[in-house]
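Trainee: Sequence:
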Amino acid sequence: MKIKREFLICTAIFVLMASLPLFAIGASYGLEEPVNTDTSGVLSKVESSKSESKTEKAPSKTESKATSSEAKASESSQESLIEVSNSDKISADGRFKILDTSTNEVLTLTDEEFLIGAVAAEMPPSYETEALKAQCVAAYTCYAKKRADERDNPHQELNGADFSADLSKKQIYLTPDRMKEDCGESYDEIYSKYKSIVEAVKGEVLTYKGELITCTYFAISSGKTDSFKDIFGKDLPYLTAVSSPYDAFAPNYKSEKAISAEDFKKAFEENSNTVNFSESADKWISDIKLTDSGSVKSIKIGGVEFSGSKVREILGLRSACFSVKYDKEFRFEVKGYGHNVGMSQYGANEMAKEGIGYKGILEHYYNVKI
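Under this note's numbering, read the sequence shown as residues 994 to 1363, first letter to last.
Derived by calculation from the structure, the hints in this document are not laboratory data.
Be a bit skeptical, because a hint or two may be false.
When the alpha-carbon atoms are kept at most 25 Å apart in a straight line, the in silico SDA-like pairs for lysine to any residue are as follows [unchecked claim]:
no., residue 1, residue 2
1, 1090, 1195
2, 1247, 1325
3, 1318, 1264
4, 1290, 1300
5, 1259, 1291
6, 1321, 1252
7, 1318, 1248
8, 1227, 1285
Work out the full structure: start from the sequences and follow the hints.
Mentor: In structure tokens form, the structure reads like this:
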């Protein structure tokens, strides 16, 4: 009973970790490094049949199951996204090198060691096996691309590492010692589960025209993901908007934040020297433009245009899918958690519960073919 209790405690800790506003999803996945590609979409039938996130009404369970049925059919009928990588796509030495910014030391790990900790940092052990496999393939693609790009064009500040992370904050990679602290007597069982996931999809990555894709993921969508172009300004046809209706049922799908006019003004004055707050506070916000998925694409604050992602960063919102009202203070209502591009981790888990395999999950969220 003690082990089961500690397993539940550990799972709860991992769930909280998975809900963090991960720029381990943001700072780590290489979204500043888009590639120039073009392709036609797959799973268009799945996407077109889903509800839009702009509506307040959450999709019904029936609608969600319809999504899983179509995705399952797609998994069997579409050409697989998955390709077993070879040395010219990954790395000849099979090692990841991480610069730990908390110690300024470079940690060297085998691919397997890294992926065990990388999946653990992103998804709790209670998540479905197929969702964990999808996360493993996505993480390997993401960081193998960062590694390859860095080795082709090294940055002196990384001290020979492939990328950096604050490991003291469990960013990108969860060390075995940190896992032991969190899991106690359940550590061996949980570590073995993650290891079996990594072994099951060993060497598998997402590619387009033989090249590793820019692979993004996040915690909870607004109900529909955004295209890479809408959020980050570069057209990556395999990162288009797709429906993710399960997310509307996620705990903390909606969040609220109240900010005083004084704090609001101060926050934006620290980020721009051209904002003008001379008018009354109810006129500080104007010209809100939304993506097709309902996220704020751009917004004028004090006469200066900001991206929704920048506003999210400045104000510490859970996502850029927000609405705002002013009544003596600014009140934000926010949907989802994360940048909303690529694979929704919560959505992936719910798809897995419906019997969809990891390839079907990846096909749904990453619009690519080999």
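Trainee: Next, verify each hint and record whether it holds.
Mentor: Status of the hints after comparison with the structure:
1. 1090 <-> 1195: Status holds; Cα separation ~19 Å.
2. 1247 <-> 1325: 10 Å, holds
3. 1318 <-> 1264: Cα-Cα ~22 Å, so holds.
4. 1290 <-> 1300: 6 Å, holds
5. 1259 <-> 1291: 20 Å, holds
6. 1321 <-> 1252: Satisfied, since the Cα-Cα distance of roughly 10 Å is no more than 25 Å.
7. 1318 <-> 1248: 14 Å, holds
8. 1227 <-> 1285: 16 Å, holds
In this structure, none of the earlier numbered hints is contradicted; all agree with it.
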